[in-house]
Amino acid sequence: MKKYLSRLNFGYERVLLYMLQQTEYDVGEYLRWLRRVKDFRAVVKRQSLVPTRKIKMLFLTLAIFVLLYISAIFWMVIVVNTIWIYAIGFVLIMLLPVVAQYEIVLPLVIGKYLIQKPMEGRILNRAREKFSNHPATKIAVVGSYGKTTAKEILASVLGAGKKIAATPGNINQPLGIAKFVDKLDGDEDILIVEMGEFRVGDITKMCQLVNPDIGFITGVSEAHLATFGSMENIVATLFELREFLGKKPLYLNGDNELLRSRVDKFSILYSHDGLGNHRVKDVEIEPLQTKFTFDGQPITSKLIGRHNIGITAAAMALAKKFGLSKHEIASGIKALTPFEHRMAPTIMNGAVVIDDTYNGNLRGVLAGVELVRELDGFGRKIYVTPGLVEQGDKTAAVHIEIGRALTNVFDSVVLMRNSVTEYILTGLEENGFRGEITIIDNPLDFYENLSSFLAMGDLVLMQNDWTDNYF
Amino acid sequence: MDKKTIAVFFGGKTPEHDVSIVSAISSVIKPLRLSGHRVVPIYIAKDGNWYTGDELAEIRTYQTGKIEAIVAKQKPLTISVNDGLTIIPDGRERKAVRIDIAFPVMHGSYGEDGSLMGFLRMANVPFVGCDMEASVIAMNKILAKQTAHANDIPTPKYLAFRKSEFEKNRAEVLRKINNALKFPLFVKPPHAGSSIGITKVKTERDLENALEVAAHYDEAILVEESIENLIEVTVPIIGSDEPILGNVERPMHLSSDGVFDFETKYLSGGKKGGKGGKSGKQGAQGYSEIPAKLPAELYRACEDTAQKMHQAVGLSGIARVDLLIDSKTNVVYFNEINPMPGSLYAHNWVVKGMSNVALVEKLLDYAARDFEKRARTNTTFATNFLKQF
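Chains A and B supply the protein sequences, listed in that same order. Reminder that position 278 of the first sequence reads as 278 in this note's numbering, one-by-one numbering, no gaps. Reminder that position 132 of the second sequence reads as 1132 in this note's numbering, one-by-one numbering, no gaps.
Next comes chain A alone, as it looks inside the complex (with noise of 0.2 Å):
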């Protein structure tokens, strides 16, 4: 009934308009969100709605389909004229918010198939052709966690010797790599694709369009487990590139147990320890920088975490098989900072903070504790998490792992209250956790204000960020 009631205000169109907005058109997700929702008053929190023209233009639909409706039920009402129909009248019109809420996706679906589908098919056609006329070595960069990442640091150093091109930012999808590759010169030695998963076949589809030459598999998770069902079916996804490849070469993250036990004789196991015959040592975790040394060479990179270890020094045995330098290989990792929101560390009030917001998935997230629980000489070590979203039926277990992890490495946990809140909290009880949790009603409010909370000495790790279709 409340949530019934919440509709019946002014600007809850716009409510509906923000969250497609918000789940960037998914009406999947749009209809995940509409059977979670318990106020439509309490949604838009973080930001606001952009009139696009899409938007204007879903707007105007609806307008439109409100009118009729309305006008219909009025029409049938003065034609029928009784008291039955007067009963009737009512309740369509008391019905009309429930039905605007699934209306106002229809256009975007009836677009979607008549005119965005068509169009696509011909966009990856001509994407394909410029693909496979490319001359370049083409590296295909897949994984649950760490791909974006990988695709940087293989970007950085290798581009150090050679002409590079590489997706930019998050993009991963079909359309979004046609259009990388629409923009390139021709004459890259080198192109890096990163590839995302979200449903059985999206791999395979990938890579007929790519055409790779190399892969990597930075990692297998439960991201997106809702949509994909089963860890079978990631592992299963991500896989489709060994396919693909065939007898061509495949990285794979060994720092990950589930792809060690995957590895072939075509597959190239890379760790912190090294891969192959290059090795690894004399590792140093520092919050700022991370040093080693790969075959004897030391190595300083500002990306911290030993998780990056392993990927950097692929990236190194890469390079050199290209034939770069060591000199151009060193100046190739000096070259790489921190990525926004990635591990990415920040001094603030004389605390380090160490912004991870990107981090999504329960590897990421015990990567991140590992790396603090490595760091020492700090006066708090204090974690920042709402939690993970698109956890399926496994949002207990996982949240409750993280509590687990957390009982020994930290002094202070602040939590985003929400639905997960409570499975964190049990697994800090569980383990015994002694410090202090605090949890915060106002997200924006406390990243707004983090300043106020930390001194001199603290080390924060802040992971996982939730946008307002997940509250």
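Bear in mind the hints are in silico, worked out from the structure with no lab data behind them. Worth double-checking, as some hints may not be accurate.
Just a sample of chain B residues kept apart from chain A, beta carbon distances all over 10 Å, derived [claimed, not checked]:
1. R1098
2. E1165
3. E1303
4. W1349
5. S1355
Distance windows between CB atoms, simulated [stated by the list, open to error]:
6. A/G432 x B/H1149: 50 to 56 Å
7. B/T1005 x A/R46: 48 to 54 Å
8. B/D1002 x A/P107: 39 to 45 Å
9. A/A72 x B/T1005: 50 to 56 Å
10. B/K1095 x A/L34: 35 to 41 Å
11. A/Y4 x B/D1002: 34 to 40 Å
12. A/R46 x B/K1095: 29 to 35 Å
Note that beta-carbon positions come from the ideal geometry of N, C-alpha and C, so glycine has one too.
Assemble the complex: chain A is given as a structure, and chain B must be docked to it using the hints.
Just chain B now, kept in the frame of chain A:
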């Protein structure tokens, strides 16, 4: 600490009215709210009337001048002190809020000087910061120096006069000063804060004028010798029986005449005189060296002097002890006490490892403990005095 309802007092009939607003909103109200406490802002206008309302906790209200309209339109609040402190906004009983802890963030007279603390004692409500007696001594530079003197804590040689004494017999006052003290001298009104009315006097010629300026601001005048080869430092302290010392801090800005004037202290924002050293920190009062780069022994001597003074005056909650060092003789002199340091000196505590949120929480905890301690002290006992009368 459990979530409490906290009345934050700020503004006041003092030249430091605006400084108090900034201190209260940025360093007290914000962290208290972030901690989940309910904050009742109590704004004391320049005319002395008291107001409350959520808008008064927003810095914009004061920056945009909206405060003038609020003060003109809104009814001042009513306070009940029966069995605790209750705030009745706009005189409407149904909106009455009972206060768990009071948090005075007043600078200068009618607030920092013990008067508000006296009122809060009468209201029987726990409050943050120094108690009434300590505040009275701390905010009276003459009483503070006498306390230092009585406790063998070095303080620059001084003389004190009533304003009336100076006005009646100027020549005699000037003669006494010339005989007893060595130039250069500082002439100060003993109560004013933020260096208002203070003059550094290098020769006898300027003395009378300086005494007039000080007399304009106060009923008494303090004249003290200037410490040469000066290193000025300050030591923030929290707690009462087992105080915690902040970092010994060395402010890096001095105006050309060697005094921290009001503008240098609060308005410069670190722009005057360039940046501080590597460990420089921009706090409420421009750049400072935190911790001060002093030889270890001298650093410890500063901490020791500050702690002795804390004990001698009976400070509690929060305070800041300002010290003067003669860098040639390495003697540490007590200068003055600030029982409500601007912005709580949160920048110093941050370097000490205590966040702004942790600092206000700690102060609330001290307030509750000090209150309990006071409550345990018997103040009444049965007599047969009336029967015998």
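Those earlier numbered hints the structure runs against, lowest number first: Failing hints, ascending: 4, 5, 7, 8.
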